[in-house]
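**Q** Residue strings, one per chain:
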Amino acid sequence: MIVVLLILHGLLAVALLGAITHQALSVVTTAPANGRWTFIDRFRGVDATAYATPIVVLFAITAIGGALLYPQYRIDVRPALEDTQNSAANGVFEIKEHLVAIGLGLLPVYWLFWRKPRGPETVAARRYLTWLLAFFVWWSFIVGHVLNDIRGLLP
Amino acid sequence: MKDSRLIIFSILFGVFYLVCFYYDLALFRYYPEVRQFHFLRNDGLGVVILWYGWIATSALASAAIAFAVPRNMADRLWPGWAWIIPTAAVVGMLIYERRWFTL
Chain R
1 MIVVLLILHG
11 LLAVALLGAI
21 THQALSVVTT
31 APANGRWTFI
41 DRFRGVDATA
51 YATPIVVLFA
61 ITAIGGALLY
71 PQYRIDVRPA
81 LEDTQNSAAN
91 GVFEIKEHLV
101 AIGLGLLPVY
111 WLFWRKPRGP
121 ETVAARRYLT
131 WLLAFFVWWS
141 FIVGHVLNDI
151 RGLLP
Chain Y
1001 MKDSRLIIFS
1011 ILFGVFYLVC
1021 FYYDLALFRY
1031 YPEVRQFHFL
1041 RNDGLGVVIL
1051 WYGWIATSAL
1061 ASAAIAFAVP
1071 RNMADRLWPG
1081 WAWIIPTAAV
1091 VGMLIYERRW
1101 FTL
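The listed protein sequences derive, respectively, from chains R and Y. Using the working numbering, the first residue of the first sequence is number 1, and each one after it goes up by one. Using the working numbering, the first residue of the second sequence is number 1001, and each one after it goes up by one.
Read the hints as simulated data drawn from the structure, not as lab findings. Heads up, the beta-carbon is just placed ideally off N, CA and C, and yes, glycines get one too. Check the hints yourself; a few may be wrong.
Pairwise CB distance ranges (calculated) [stated by the list, open to error]: (1) Arg1098/Y <-> Trp138/R: 16 to 22 Å; (2) Thr49/R <-> Ala1088/Y: 23 to 29 Å; (3) Thr84/R <-> Asp1024/Y: 24 to 30 Å; (4) Val46/R <-> Glu1033/Y: 43 to 49 Å; (5) Pro1070/Y <-> Leu68/R: 17 to 23 Å.
With the rest of the complex left out, here is chain R:
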């Protein structure tokens, strides 16, 4: 059961990573060079507003999945990391849980600024909130995978 949940959590995280990366790059204010559309331009050229609700839902569901997996990590993985004095691995995971928690708190304002624009003064706030959430998601994704594979990665 825990393996199924872990795989599901990973798959949802992939979807979230793709969605938030599309949106985060779409709010970078640069024009295509010479009018030619590169892969990056096409990657950015999405309807960013349409991503807001799926990102909120995916973030919340992925965080809940992580919360359900967390007890197993706390019982099995963390003591093993402490036994091997791998405090950096523990540290990056601690940071991950803080970022996810702060990200959960940001979801209402993030959703509000994307779905109900309140004039030009919210454009910058919306952009920085998106980048902040993108940072949280990338950090969590990389840390989650490294810790999942840590026995194979470390000698």
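Assemble the complex: chain R is given as a structure, and chain Y must be docked to it using the hints.
**A** Frame of chain R; chain Y shown alone:
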């Protein structure tokens, strides 16, 4: 919740979370080895998870203040605070968590 109250909730959540984890202000504690939730500390029940309790405390405190702030004051809030204050909370957290990476 009205829009301006949602903004206040999000702004305050990160700050309250920072305070909660720094001072261990968890609304409840979960002991995964015995699969039990407790409001009070129980040292004999094995490892403890405070994270759920920190989130619950932060959510309740942020919601309470978001509702308590007068409407006209909430509506005048500059939107920039919505990302600046959470970013400051993240920076504060990262500074505190440097303890894991010191030799």
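**Q** Would you mind marking each hint as holding or not holding in the structure?
**A** Right, here's what the structure says about each hint:
Remark: the range hint 16 to 22 Å for Arg1098/Y to Trp138/R is upheld by a beta-carbon distance near 20 Å. Roughly 27 Å separates the CB atoms of Thr49/R and Ala1088/Y, a value that falls within the hinted 23 to 29 Å. At about 26 Å, the CB distance of Thr84/R to Asp1024/Y agrees with the hint of 24 to 30 Å. Between Val46/R and Glu1033/Y the beta carbons are some 46 Å apart, a value that agrees with the proposed interval 43 to 49 Å.
About 39 Å separates the C-beta atoms of Pro1070/Y and Leu68/R, a value inconsistent with the hinted range of 17 to 23 Å.
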